[in-house]
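Participant: One-letter residues, chain by chain:
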Amino acid sequence: MSSPSDVEAIGRSLAEPEAFGLIYDRHAATLLRFLGRRVGAKVAEGLLGELFRIAFERRKTFDASRTSALPWLYGIGSNLLLKHRRGEARRLRANARIVAGLEAADRRSSAAALDARVLFPRVASAIEALPDDERETLLLFAWEELSYQSVAEALELPIGTVRSRLNRARAHLRELLEPNGKRRDRSR
Amino acid sequence: MKPVDLARKLRREAAFEPAALDRGKEALMAAIRQEVEPARRPTIIPQLPYADIRAALSFLERAFGFREIPASRMEGADGVIHHSLVEFGDGVIGIGTQGAHGAVSPQRGGIESQYISVAVADVFAHYQRALAAGARIAKEPREHAGGYRSYEAFDPEGHRWRFVYQRLREVPAKA
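Chains as they are written, first to last, in numbering that gives the first Met the number 0: chain X, 0 to 187; chain S, 0 to 174.
For the record, the hints were derived by calculation from the structure and aren't laboratory data.
This structure is a prediction, so every number in the text was calculated from the model and none was measured.
Certain hints may be false.
Covered, in the sense of this in silico footprint (three residues per stretch, anywhere, with C-beta under 8 Å from a C-beta of chain S), are these stretches of chain X [stated by the list, open to error]: (1) 23-30; (2) 61-74.
Partial list, computed: chain X residues near chain S (C-beta under 8 Å) [claimed, not checked]: (3) Gly-10; (4) Ala-88; (5) Asn-94.
Cβ coordinates follow ideal geometry from the N, Cα and C atoms, glycine included.
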């Protein structure tokens with residue numbers, strides 16, 4: 000016997016609200032990890048509660064042509080994260096220090112190790128400096144490994160816009176990571 | 000290394016305690032049960048007078064997301080609504096007739112004698128909804144210290160509503 004699909008469960012929850020519990024059982028862990036990666040476990044737990052309350056309230060508007068509710072839930076989470084930019088930035092910088100340390104330990108030559116220590120904090124600042132829409136698209140794609148289609152569903156965008164946003168994010172990152180690239184632009 | 004690969008390098012696994020998921024499930028199911036059996040026995044029910052109750056009920060639903068409790072509606076044989084109750088979360092408000100019980104609609108009286116605060120989960124989303132429904136905004140949304148958010152709007156007869164969100168302070172866990 001197969002369990003009901005997300006669409007069936009949400010449809011059923013309109014008449015029997017408890018049926019929405021299945022959506023939680025199925026996706027809460029993924030979303031808690033997603034939120035935790037961005038703002039840490041403590042804040043993530045509060046956001047997870049908000050996310051599912053909002054999802055439950057908006058369940059009537061869920062597009063029944065979708066195969067999974069997960070991208071929709073990611074989208075609600077992405078919106079909630081916008082109000083936690085500062086915590087996110089802190090976490091990103093902390094991640095950069097950890098990754099730089101790990102990478103530096105991996106690299107034999109001291110020059111390469113130094114590179115890692117310089118590089119990853121720069122990557123963190125570059126991601127932080129991206130416009131909100133590009134950052135969110137990039138992180139859903141690169142960290143959550145969502146397909147273009149899923150990112151499009153999460154952010155309620157046409158798939159072409161997701162592609163162009165990612166390209167803009169790539170270009171921006173490249174520019175921001177170029178030594179002195181950004182400063183040169185600014186001083187002109 | 001390509002920019003996306005560099006970004007990917009900064010992804011860290013996020014650990015959480017399994018109990019967090021159980022707590023979340025419990026909170027969600029409690030919220031859902033409340034939806035199924037709303038607490039319709041509040042001890043205090045503010046009563047607001049309107050000249051046009053039918054229009055008020057429609058606006059309050061469209062703009063603010065309030066829900067009429069159908070069984071509470073008192074309607075005359077002529078189809079005129081004399082009184083009804085609307086609910087929102089735990090709260091219930093009476094929508095009554097202008098002039099009855101000595102209560103005057105601001106539209107008639109020219110002043111607001113009170114405003115009502117309503118707790119919502121997402122102030123900005125609520126504001127967008129009210130704006131889209133044509134609500135006149137009295138105070139734009141703003142963020143106060145400590146994560147407290149609010150905005151204020153008028154309904155068509157000039158009653159003032161304040162919508163607020165307040166995150167409860169985290170109680171530090173015992174060491």
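Participant: Among all the numbered hints in the text so far, which are the ones the structure does not match?
Facilitator: Of the numbered hints given earlier, those the structure breaks are 2, 3 and 4, listed in rising order.
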